[in-house]
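> Take a look at the letters that make up each chain.
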Amino acid sequence: MKTDRLELNGPEQEHIGSRSALYSLISKGFRFPAPEQFESVKTGRFADAVAEALAHLPYDGLKGGELGRGTALSFDEFQGRYIQLFEVGGELGAPCFLYEAEYGGGRMKVMEEVLRFYHHFGLRLSQEKRDRPDHLASELEFMHVLTFREAEALLQGNERRAYLSAQRDFLRFHLSDFLATVASKVGASGVPFYADLASLAAAFCQRELSHVQPA
Amino acid sequence: MADIRLELGGLEIGERDGEDGAQFSLSEMRQKPLEWDRIVKGSHLTNCWYQTACNFNVYVKDGVVLREEQAANYPRLNDPLVPDFNPRGCQKGACYVHRMYDPTRIKYPMKRVGKRGEGKWKRVSWDEALTDVADAIIDTCVKEGPEAVVQSGGTRVMNLGSEGTGPTAFFIGVGAPLSNVTADNGDDHQGVAITLGKVIVGDSADNWFHANMILIWGGNPAYTNIPNFHFIAEARYNGTKVVTISPDYSPSAVHADLWVPVNIGSDAALALAMCQVILREKLFKADFVREQMDLPLLVVESTGKFLREKDIKAGGRYQVQTPQGSVVVKPVMEQLRRHLDQHYTPEQASKITGVPASMIERLAREIATAEGVVNISTANWGKHYHGDLIERAILLVFALCGHMGRKGATFSAFPMMGLDTSLGGLEKRGDQIILSAAGGDPRFAQWREEGFTDEMILYEYVHQAFASGGITPTSLMYYLHGGILDLCAKHPEWDPYLKRPIKEYVREAFEKKWQFLAPGPEKAPRVMFALGGNFLRRARCTNVLLENFLPKLRLLVSVDWRWNASALYADLVLPACSWYEKTSTFLMGMPVQPFVHVVNQATEPLYDSLGEWKMFCLLARKVEERARERGVESYTDANGVEHRFAGLEDKVTFGGLYNEDDEEGIARDAFLNASNVEEIDWEDFKERGIAHYTGVGTGMRSIGNTCDIVPGEPVVPLTWHTERKDPYPTLTRRIQFLIDHDLFRELGEDLPVHKDPPKAGGDYPLMITGGHARWSIHSDQVDESLLLQLQRGEPVMFMSARDAESRGVRDGEVVEVLNDVASFKVHATVSPSVKTGQVIMYHAWENYQFDGWRHFKSVMASPMNPIELAGDYFQIRPITMSNYPGFSDRGTRVEVRKVGA
Amino acid sequence: MPSNGKRQIAFVVDLNKCMGCHTCTIACKTLWTNDKGMDHMWWMKVNTMPGRGYPKDWEQMGGGYDGDGKLRLGRAATAEDYGKPMDFNYEEVFFGGKGNAVHLAPRESPGWGPNWDEDIASGDYPNAYFFYLPRLCNHCGQPACADACPYDAIHKREEDGVVLVLDEAKCVTCPEPKCMQGCPYKEIFMNPIRHVAQKCNGCLPRMEQEVAPACVRQCPGRCVWVGFLDDAEGPVHKLVKQWKVALPLHAEFGTYPNVFYVPPLAPPRLNTDGNVDESKPRIPLDYLRSLFGPEVDDVLRRLEEEIERKRKKEESEIIDTLIARRWQELLGPFPKDPSEVTTS
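Protein sequence lines, in the order shown, are assigned to chains A, B and C.
Add 29 to a position in the first sequence, counting from 1, and you land on the number used in my numbering.
Add 6 to a position in the second sequence, counting from 1, and you land on the number used in my numbering.
Add 1 to a position in the third sequence, counting from 1, and you land on the number used in my numbering.
It is possible that some hints are incorrect.
Claimed, not checked - Estimated spans, in silico, between C-beta atoms of each pair: (1) K313(C) / E689(B): 48 to 56 Å; (2) D232(C) / G858(B): 57 to 65 Å; (3) E822(B) / N90(C): 21 to 29 Å; (4) N90(C) / K92(A): 53 to 61 Å; (5) T842(B) / E296(C): 33 to 41 Å; (6) P557(B) / E120(A): 19 to 27 Å; (7) R327(C) / G310(B): 51 to 59 Å; (8) K92(A) / K904(B): 37 to 45 Å.
Calculated from the structure, these hints are not laboratory results.
Backbone N, C-alpha and C define an ideal beta-carbon position, used for all residues, glycine too.
Produce the complete structure using the sequences and hints provided.
Below you can see the structure in the form of structure tokens.
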């Protein structure tokens, strides 16, 4: 039975749950920032949530960093940084596009395959957002769904191999190289929050790649 | 961690539930056929001109358009021996989705924060962007008048859907001029306009199959007419002789039966010498000449002017008595014969053209004795300084031989066919104009008495739109307001035939009301919309415009779906949605394939883009709102008419008939209200994607074809003249080769002559030619990554093996191309197909594809040819698409220097 | 043709109709090779001939069979022979804030590409010559790629003669690409990401649903026919077997290719004085013979004679077939529109 909330019990469930939560958090971090998101970053709620998730991961060594806690930027400035970094450039130089297919591979095939993944697991692109399917935030969100479903299957005693295979393949063929590129471009920018976020995301997905081992 | 939630933002739960956790195999998933959610008919709302448009199936999955493929559902023709039109569609259309989602898309409204062209941007909300535009419009209307709000004009605005109707209704609502870009493109056919009284004359591709000879002269259909090229290859198999005349061994010469190389710009001499042979050997069609041409008319020897009715005293029977006394007269034919014998024997022409006399004679005889000859000439001659003369000369060949107005025997100029829709009164149907003229225009009775056809009456009204400033030629705008005229004033030595300084010709033209410009020479444009086109890539003398034109603008707004040169220099960039994201109907169609096409919306507008219809409805609302807030009520235009800001939205939406979200309503009614298309209902049309034209209709952009359109039969233009004996819209009511206008006499062009091209750009040894590209429709795909892979990734210039060798240039090396005006760097492509002395730059590379953004059009000095200023002569007055000065680039003089690898 | 399969699919490409538009190239690219690791793969491409082609100088790389029918390995194309895939600096140009100091160009100089020779003629003006040659896998009667494969990963299907990489699992174990060395047309490519050989699949998923291959169906020049070689009523059989006006490319490679070409006519040469020179053809016959074999002389003569018959308003079944008045004639047994069937 598909649900949208899971109560976690015991380390195994928490391991999956924390991974899922972390994918969700990072995904939100890469979306165009709304005021609530900014508030969450500035107050440190975002960093705390990341730390909470990190603490329950099945592996060690990842650091969230400050993730913009207490930033002096105003909301407009914060949003401006996002626009500069990922959309229209500016004093930070040329932007780093957040679309996977801009970093190798044919655009349409990458988009098609991402859609196939989404579709296979009963998802589709939000009709409201009118964006490409290979946006980083959507790809991370997909991993959030897969891990959520994995946890759900575990809880309900169902087979979860498919979720694991899909996670591994999606990381391997879509997210890992993509995130490494984004991290190398954005990590160096020194922009509060986003530099930390990109580094964390890339490191997380690398760890995930070795962690996710379908039977 | 106690619990987690499933949180979705960019994704949502689809209609179909996911697989259970037991099954996932990447290779199976990859191999599984996609089940499409929707497959809709679509096309590409770009201006492919001759090739426009192609019916595609557009495949959509989960709101993402993933592929397209030709629908290939064009019906069979009536004659089973003629090939059909399928599949129609080229490489550019076949990968449009790749473009649609690429990084050149403009995603959000953008505001410039650096210097113009610096590439520093801020993302703004639609409200902020529209407020800025509205304020600039209000300021300008009040300070300088609405004529200072201009559009660069683009061919996309000529569609009937969102992208055309929205902006056009807005401009009309504001009282700002619409633009006519034909001569700015260099697409004008002045020679045809002068001779036939119109330029819109074109046949269908299946008509070529009926010809005995296809004369590719001034065109390169292998690049520019991809969906129809098969008719040429098939006709050749069928025994039609294909002859290509061009300086270079072009891709369209490859499949010819005969290729005749010719010196650049010498085509008039070639044609005139053919005419000399045709007359000398009495190969002309006497009946056609007598009935359809001005050659039997009498001309007064001393004045060189036609003998007009007013010149003849009553009773003068043998000796022609005129109010000025007795005059000697002779038929135009005699004058022409003497003119040709004196100046254009094949031997004389051979020296000019490089074509041997015997070849000229052979061509003349083959053309004259062929049962039917058709020409394939794209928009080439308008881009030559003396293109009008070339065109008049070629037309003379066709007319003398009677290759006009018959199946398989046609001359085509500016192919165009349009729905004669009456949507909301925006594009008035010709019959309605004529009806209202009949009811209310005192001139109507006289027109009818003088034998005016509907076509002629329509042209009167179009001319009126120019004279009142309702339509303005953008070429004149750039010449006068952009400083390009100063450039040619500085270099009078470029054209040795000039009798007076160019500015004197211009002054005369405005004084005598031969030409019109909005805003007039005393004012300047202040707000400019780069709309439906890309003027900073298109116009010649790019540097001059950047220096002189841009600073005059208070606001440059680019409305487009892709970043391009004009957007990069703009102050505000507004994202329009692209071609699969809205429903639209093509207004502009072609006789070449006489079908109207529809574009179904395949998906919602991407990112923060809007259809132009909605955009301009919202802009109109914003203008009203800002005017109210600022307490500004009205403004006055150049004709002294007062306009009010209040009610603008109502004007744009046709009194609220179509609201801002009723984009489809616009396209639908444009189709349903047209009289010259199959009567099928809208949903059927959307389903099929195409509908057949059933007539030329009564639209300005269509009626010039003057022929019946019968589905399944070839389009054969001008048959209303050749068969129905309708008069031509010319002074003599005939195909007219003698132009007894004073300016034509002053410049020695009263009969078609050859003139050497000017040394535009300075005295340099190489001449640039060009042509539309294989790889891009204008600049729409010119920086498309997939298509660039199939080129060299960067602009190239073809040069001859000999010129390359003498300059030490090897294939692939970078060269600098320069003249007195500017210079640019480009990669050389070296080929022996190119004539020595010729370099070829194909169309539409963007400024930013060149080192330092030094655009190749910067060197194209484009001097104004004063002959194009002529007016106040029956068929020589500004009307849609013709008779105002245009840009030229062919034959621009340059030198090429090696830079290195 | 030593294939012992039941049937053979074949293509006829009419070089007198091909205008070099590359719609076939794009149709194929967007359908099959638009994925990671496939940047350099152009299963269908159109080359200006004479030219070095794609991959660069493929005609000199060897492969195929020697005179005794013995497999002869050549060399595999290298990254340099394909050129570097072009990756463009859009973000630098549009948003880099450096204005005209940066222009749009591939980040790395490509060096070569699938159409690098485009429209570059041979010969001397005014007697320059060139023509367009669309190339795809020949689905050979005796496929050297399959013979060369030590792991039996490449198969020729019995039912239609399509040559496919059937077993990717076997393929990935191969230490060096023997198939690439074997194929003399260099129509098999290595995917560096998936470590498998990939090649034209004949649009099999389409053909299985009676939809013509994309390069055939999408060709606006109507210059490619597809059909079974043994279908005596079909245009492919008639052009190849009956009238023999369509010839294989480089038959001497010994693989019995199944793509056949109607050789190119050209306008006559011109003398130094600019008049027609009928003494020899514009495209040197030696060159055409080197591509299409000695039969090309007869075929060109035959074509000219048949066109002449048409000029005299006489009948010519060959020409009528080449004209292909109904577009569907080109599609052979695969007449369906892909929108009517489930396919990708």
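> So, for every hint listed, does it hold in this structure?
Cross-check of the supplied hints:
1. Checked against the hint of 48 to 56 Å, the C-beta distance between K313(C) and E689(B) comes to roughly 50 Å, which is consistent with it.
2. For D232(C) paired with G858(B), a C-beta distance near 59 Å keeps the hint of 57 to 65 Å intact.
3. At about 22 Å, the CB distance of E822(B) to N90(C) agrees with the hint of 21 to 29 Å.
4. Checked against the hint of 53 to 61 Å, the C-beta distance between N90(C) and K92(A) comes to roughly 33 Å, which is inconsistent with it.
5. For T842(B) and E296(C), the Cβ-Cβ distance of about 37 Å falls inside the hinted range of 33 to 41 Å, so the restraint holds.
6. The hinted window of 19 to 27 Å between P557(B) and E120(A) holds, with their beta carbons roughly 26 Å apart.
7. Checked against the hint of 51 to 59 Å, the pair R327(C) and G310(B) passes, with Cβ atoms roughly 56 Å apart.
8. A hinted range of 37 to 45 Å is violated for the C-beta pair K92(A) and K904(B), which are about 56 Å apart.
Of the numbered hints given earlier, the model fails hints 4, 8; all others are met.
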